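For the record, the sequence lines run as chains W and P.
Each number in the working numbering comes from the position in the first sequence (counting from 1) with 2 added on.
Each number in the working numbering comes from the position in the second sequence (counting from 1) with 2 added on.
It is possible that some hints are incorrect.
Copies of one chain are not kept apart here, so a pair can be met inside one copy or by any two copies together.
Claimed, not checked - Simulated crosslink set (DSSO-like; lysine-lysine; CA at most 27 Å straight-line):
1) Lys28 to Lys44
2) Lys243 to Lys311
3) Lys30 to Lys5
4) Lys16 to Lys205
5) Lys173 to Lys30
6) Lys215 to Lys379
7) Lys81 to Lys30
8) Lys204 to Lys243
9) Lys314 to Lys342
10) Lys362 to Lys231
11) Lys261 to Lys507
12) Lys173 to Lys362
13) Lys28 to Lys173
14) Lys205 to Lys231
15) Lys313 to Lys353
Source of the hints: derived by calculation from the structure; they are not laboratory data.
Predicted model only: the values in this text are computed from it and were never measured.
Number of protein chains: 2
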Amino acid sequence: MSKIKRALISVSNKQNLKPLLQSLKKNKIEIISSGGTFKEIKKLKFDCTEVSEFTNSPEILEGRVKTLHPKIHAGILNKRKNKNHQNDLKRNNFENIDLVIVNFYPFEKTLNSTNDHKKIIENIDVGGPTMVRAAAKNYNDVTVITSPIQYDELIDQLDKNNGSTTLEFRKKMSQIAFTETAYYDAVISDYFNKVSNTNFPKKKLFYGNLVEKLRYGENPHQESAIYSKHDNLSIKQIHGKQLSYNNYNDIFAALTISKSLPLNRGTVIVKHANPCGVSIKKNNLESYQSALACDPTSAFGGIVSCNFKIKKNLALELNKIFLEVVIANGFENDALKILKSKKNLRIIDAKNFALNEIIKFTSTNEAILTQSEDLAKFNINNFRIVSKKKPNKNQLNNLIFALNVCRYVKSNAIVLASNETTVGIGSGQPSRLDSCQIAIDKMKKFINPKDDIVAASDAFFPFVDGIEKLVQSGVTAVIQPAGSIRDKEIIKFANKTDTVLIFSKTRHFRH
Amino acid sequence: MSKIKRALISVSNKQNLKPLLQSLKKNKIEIISSGGTFKEIKKLKFDCTEVSEFTNSPEILEGRVKTLHPKIHAGILNKRKNKNHQNDLKRNNFENIDLVIVNFYPFEKTLNSTNDHKKIIENIDVGGPTMVRAAAKNYNDVTVITSPIQYDELIDQLDKNNGSTTLEFRKKMSQIAFTETAYYDAVISDYFNKVSNTNFPKKKLFYGNLVEKLRYGENPHQESAIYSKHDNLSIKQIHGKQLSYNNYNDIFAALTISKSLPLNRGTVIVKHANPCGVSIKKNNLESYQSALACDPTSAFGGIVSCNFKIKKNLALELNKIFLEVVIANGFENDALKILKSKKNLRIIDAKNFALNEIIKFTSTNEAILTQSEDLAKFNINNFRIVSKKKPNKNQLNNLIFALNVCRYVKSNAIVLASNETTVGIGSGQPSRLDSCQIAIDKMKKFINPKDDIVAASDAFFPFVDGIEKLVQSGVTAVIQPAGSIRDKEIIKFANKTDTVLIFSKTRHFRH
Chain W
3 MSKIKRALIS VSNKQNLKPL LQSLKKNKIE IISSGGTFKE IKKLKFDCTE
53 VSEFTNSPEI LEGRVKTLHP KIHAGILNKR KNKNHQNDLK RNNFENIDLV
103 IVNFYPFEKT LNSTNDHKKI IENIDVGGPT MVRAAAKNYN DVTVITSPIQ
153 YDELIDQLDK NNGSTTLEFR KKMSQIAFTE TAYYDAVISD YFNKVSNTNF
203 PKKKLFYGNL VEKLRYGENP HQESAIYSKH DNLSIKQIHG KQLSYNNYND
253 IFAALTISKS LPLNRGTVIV KHANPCGVSI KKNNLESYQS ALACDPTSAF
303 GGIVSCNFKI KKNLALELNK IFLEVVIANG FENDALKILK SKKNLRIIDA
353 KNFALNEIIK FTSTNEAILT QSEDLAKFNI NNFRIVSKKK PNKNQLNNLI
403 FALNVCRYVK SNAIVLASNE TTVGIGSGQP SRLDSCQIAI DKMKKFINPK
453 DDIVAASDAF FPFVDGIEKL VQSGVTAVIQ PAGSIRDKEI IKFANKTDTV
503 LIFSKTRHFR H
Chain P
3 MSKIKRALIS VSNKQNLKPL LQSLKKNKIE IISSGGTFKE IKKLKFDCTE
53 VSEFTNSPEI LEGRVKTLHP KIHAGILNKR KNKNHQNDLK RNNFENIDLV
103 IVNFYPFEKT LNSTNDHKKI IENIDVGGPT MVRAAAKNYN DVTVITSPIQ
153 YDELIDQLDK NNGSTTLEFR KKMSQIAFTE TAYYDAVISD YFNKVSNTNF
203 PKKKLFYGNL VEKLRYGENP HQESAIYSKH DNLSIKQIHG KQLSYNNYND
253 IFAALTISKS LPLNRGTVIV KHANPCGVSI KKNNLESYQS ALACDPTSAF
303 GGIVSCNFKI KKNLALELNK IFLEVVIANG FENDALKILK SKKNLRIIDA
353 KNFALNEIIK FTSTNEAILT QSEDLAKFNI NNFRIVSKKK PNKNQLNNLI
403 FALNVCRYVK SNAIVLASNE TTVGIGSGQP SRLDSCQIAI DKMKKFINPK
453 DDIVAASDAF FPFVDGIEKL VQSGVTAVIQ PAGSIRDKEI IKFANKTDTV
503 LIFSKTRHFR H
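Using the sequences plus the hints, can you model the full thing?
Here it is in structure tokens:
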């Protein structure tokens, strides 16, 4: 236990000061403060000494230097049980500061509200983090409070312990304090890196705010949590059971695809982070029905993501099968009512979600792999039609649709499409030929399309056998990046079979 | 340009000070310093004023408070073109500090060398980060140097610009400085979180040191880099072309499996982050040959990881097919010579690599998903034999082997094994039945084992059809977590067909 005699308060966020000040007064704790906090404390009619009076040193440089003073920092940093420290204190006529209540200039908030570089830089707090770090280092003797949400717990501590705090509490507050200072500087570092277009600095900080601890990870024996790179996630759950790790993973996989499709037309069904049905149709009901038809077996227990507002007729249709999650750009009231009749169905409004994160990262054992996301629109001018047979407009649309889905399927990926609907998806195979076979098997099992069937491959065909298999199964047009030493053989095969062949030039692996 | 008149130097890492001091002297830059740095500068016979003399304030608390003084921080933080600031300076008789050369108490190093909490805490630098943050904030007027590797560039700047630095340089140094302070506090925060077993704090920092910028990401149009959670990676490339993003991703996928197998026996072949062949055999050559036999087509261009030292006979065998990467716990000299005859083959020594990272994370759009890794050994006592037919020892060993591989295959995953070798792997399918079919097709294509065939599934069979397909294809024993409402039907089917059925109880999804 360490009895608190003196507190230093310097807060940018001035919420909930009153009950805090009442508690300090009750416990006869002297308060020192400065600037806006000092004014606020006086306004609330509590006693307070100005920092400049305490240090006998003026506040200068328009507030840039006020607490950076040995009297303040010796007051915080001295070890109460160290004789040398105590002698130093006496010799200099310094006094203990036992409680530091500080939150910082709102750098992140400023960043979100302005592009004015000078204003942003001015909001880098120097004095605040210094006091917090000093107090956190000396948690053995000093209590550090970095957020108004900790006031209640502090008041409780003071009440329970006659104006003292427990070591356990001080250590916990210290732990949070270092997370705050690290987070604060990570945001600043990120800002500087962004301004100078530095994606890969020598030291890199990735940071997030806890959204929620999850019940478990990919499996029940794994602990898990989800963080947001911002204050919170832009997707909003409006009904159903708590989202699981796998739900979140699937939701973001689904949104990556559905948000890449033409607005108000696209439906994606995802299972195990892979799409098992995708379609774009003007008619929303048809859009869903077509996506479902691609693999209705796999869709069972899956996640449906629509890039439009869900209406009553679709809600009725969705309710016909068991789904884990339904995502949409909003829901009409009667549609929502229908969907909500399924108690456990997780319903997500994703109208505020946008694909705009550029750098993604993943940890793999001791390493962190980071790369820019594969989100850019295709540059169709770069596509090269290499077959004698030229695609008609319908084929070209379908090829582009298939290639776009294909880049979001785990490699090796083959996507068959017809009428801007997937009719066969082969995913996650070590051999491209196997992915071809899987896509074909799916198509034969569920669809057998009447119209033109096209195929997209996420990487080149190393041999003729893959494309041969596709053409034998009815595919009339193929798009692939090219780059194999057998490209010429493949072109020859396409010409022999009157197949359209386009080289898209850009590979789209995804693992 | 801003002419530098006065520098403050306070460095924990005292490397390369001499040429720096020579350059400062040449440019008539006054130096202030304290403690160990002051002594070192004097020892090198350069002029230097002690901080306590400069501030006219003693160094106290055994060095905890020395630079935390308004004269130091006003000297750094004042805006040189702001009249109020300049008046404040004059009024207080303060002087400019234009250059801050500081590196911090070695917190991370201390952490790696001791468990002594007090010693660790003592190595939290307070004064250093404060000066660095103040200088970095005021980069418009002040130069901040945070590492000896920046000295040459600083010297170059002073030489080129008559004792000044350019704004561009100062801004770049400021950017690095904030990354340093953020990283420093992230390590401290992580330490406190570890000590208190807090895996998921409210704000979370993930951090790494750049290992290298990669040529590109999963695809050539994506930028990429790899970071290490430590100083560097424990794997060591000893030959071949630069590793790519996909190489690294596959290497860590391969190592996760091979390091989980009994030491000195295991070989894993990986393609597109999935295993396409795994085997454990006492004889190392057989271990590789068996792994290869599982799917020799997919192994082409793959990654081989052995959890033993590679000898000459295996090297000769490995050279027979095209491989991207060979990984082992070391190589005998003659083996290495043989492998090196392939100019491009990437050879990796992973004897220092261990599976010990507990929390992994992945970014997905705006979210960061984090969870503990699925690495723990199976608790075989929890397994429940639910069929009338009991497994013999051979079956049991094979079931455990198959389940261990299965948990590292992308879901839905089915692994067929015989003689502690995979004979069919079905990966990455939205439907479990499809994964069964793929595994069976592989087995029929390449192997047709003579001995007992067993199967493992990463999650429960929702229907009888999956296990039925397996048994029809010759599988005699199955392990799966269970948990389906049709578990009873599945047990009934096992009994009807005299199949061994074990419920492992733990699910092993991986995406």
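A quick look at each hint next to the structure:
Taking the shortest alpha-carbon separations for Lys28 and Lys44, only the intra-copy value of 17 Å comes in at or below 27 Å, while the best inter-copy value is 54 Å. In the homo-oligomer, the alpha carbons of Lys243 and Lys311 lie at most 27 Å apart inside one protomer (22 Å), although the nearest pairing across protomers, at 50 Å, exceeds that limit. Proximity of Lys30 to Lys5 under the C-alpha cut-off of 27 Å is restricted to the intra-copy arrangement: shortest distance 11 Å within a copy versus 51 Å between copies. Taking CA atoms no more than 27 Å apart as the test, Lys16 paired with Lys205 passes between copies only; the shortest distance there is 21 Å, against 34 Å inside one copy.
Proximity of Lys173 to Lys30 under the C-alpha cut-off of 27 Å is restricted to the intra-copy arrangement: shortest distance 23 Å within a copy versus 47 Å between copies. For a Cα distance limit of 27 Å, the shortest separation of Lys215 from Lys379 across copies, 25 Å, qualifies, whereas the shortest one inside one copy, 35 Å, does not. Proximity of Lys81 to Lys30 under the C-alpha cut-off of 27 Å is restricted to the intra-copy arrangement: shortest distance 22 Å within a copy versus 40 Å between copies. Proximity of Lys204 and Lys243 under a CA criterion of 27 Å is satisfied inter-copy only: 23 Å between copies versus 42 Å inside one chain copy.
In the homo-oligomer, the alpha carbons of Lys314 and Lys342 lie at most 27 Å apart inside one protomer (12 Å), although the nearest pairing across protomers, at 66 Å, exceeds that limit. Taking identical chains as interchangeable, the C-alpha atoms of Lys362 and Lys231 lie at most 27 Å apart whether they share a chain (11 Å) or sit on different chains (16 Å). Taking the shortest Cα distances, Lys261 and Lys507 sit within 27 Å of each other inside one copy (23 Å), while across copies they are farther apart (38 Å). In the homo-oligomer, the alpha carbons of Lys173 and Lys362 lie at most 27 Å apart only across protomers (26 Å), although the nearest pairing inside one protomer, at 34 Å, exceeds that limit.
With identical chains, the CA atoms of Lys28 and Lys173 are at most 27 Å apart within one copy only, with a shortest distance of 24 Å there and 48 Å across copies. Taking identical chains as interchangeable, the C-alpha atoms of Lys205 and Lys231 lie at most 27 Å apart whether they share a chain (18 Å) or sit on different chains (10 Å). For the homomeric pair Lys313 and Lys353, the shortest alpha-carbon distance inside one copy (15 Å) is at most 27 Å, but the shortest distance between copies (59 Å) is not.
Consistency note: the structure conflicts with none of the earlier hints.
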